[in-house]
Amino acid sequence: MTMSSRFYLCYASQDPNLFIVMVLGGLWHGAANHFVVWGAIHGLALIFERILKINGENKFLPVKLFWYFFTQCVVYITWIFFRAGDVPQAIQIVKNFQNPGVYLEEFTYPFVLLVPLFIIHIRALAFETTGFPKPGIYEKSLLSGLMLYFILSIQHIETSFIYFQF
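Residue 185 is where the sequence shown ends in the working numbering, and the numbering goes up by one at each step.
In case anyone wonders, no lab produced these hints; they're calculated from the structure. Hints may contain errors.
To be verified - Calculated pairs, DSBU-like style, for lysine-lysine (alpha carbon to alpha carbon, straight line, at most 35 Å):
(1) K114 - K72
(2) K72 - K83
(3) K153 - K72
(4) K72 - K159
(5) K153 - K114
(6) K159 - K83
(7) K153 - K83
These numbers come from a predicted model, not from an experiment.
Produce the entire structure from the sequences given, and follow the hints as far as they go.
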């Protein structure tokens with residue numbers, strides 16, 4: 020048997036390895052179930068990406084936008100599991116997404132902060148895929164100013180650095 024005929028074995032074994040490494044990465048962050056779930060979701064997302072061969076080579080803007088939003092959603096949901104006190108609390112937070120009014124007042128500033136960030140990403144994708152003109156100095160200045168304003172306006176919200184809690 021030649022090496023080339025066993026190549027599929029090596030390729031197939033990478034998926035469980037990715038999953039195991041990500042679960043162990045979750046355990047490394049803390050010996051709690053929610054960290055393990057965080058790592059497991061990341062591992063499953065990596066396997067999903069490999070199976071579908073989603074590697075950013077598709078230059079069609081709507082496809083890139085879809086995968087960009089999908090990736091962001093997966094990452095944001097896993098962050099919930101990372102920061103939650105336990106798995107039931109994280110699941111309750113995810114369930115509350117069906118009722119956006121629950122968090123509307125508390126997260127108004129972060130959502131507003133995402134608007135200029137979203138515009139910056141869309142403009143970069145449009146330039147990269149369609150040759151849309153690069154943002155000029157005025158556009159960059161305006162978006163940077165908006166981001167700075169929003170960041171400074173939410174400074175009164177105090178959050179502790181997670182690694183200081185150990």
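These are the hints, each one checked on the structure:
The hinted pair formed by K114 and K72 meets the criterion: a straight-line CA distance of about 30 Å does not exceed 35 Å. Between K72 and K83 the CA atoms are separated by roughly 13 Å; this keeps the pair inside 35 Å, and the hint holds. With a C-alpha separation of about 29 Å, the suggested pair K153 and K72 falls inside the 35 Å cut-off, and the hint holds. Distance hint between K72 and K159 is fulfilled; the C-alpha atoms sit about 33 Å from each other, no more than 35 Å.
Between K153 and K114 the CA atoms are separated by roughly 40 Å; this puts the pair beyond 35 Å, and the hint is violated. For the hint pairing K159 with K83, the CA-to-CA distance comes to about 22 Å; that is within 35 Å, so the pair holds. About 18 Å separates the Cα atoms of K153 and K83, which keeps this hinted pair within 35 Å; it holds.
Hint 5 from the earlier list is the only one contradicted by this structure; the remaining hints agree with it.
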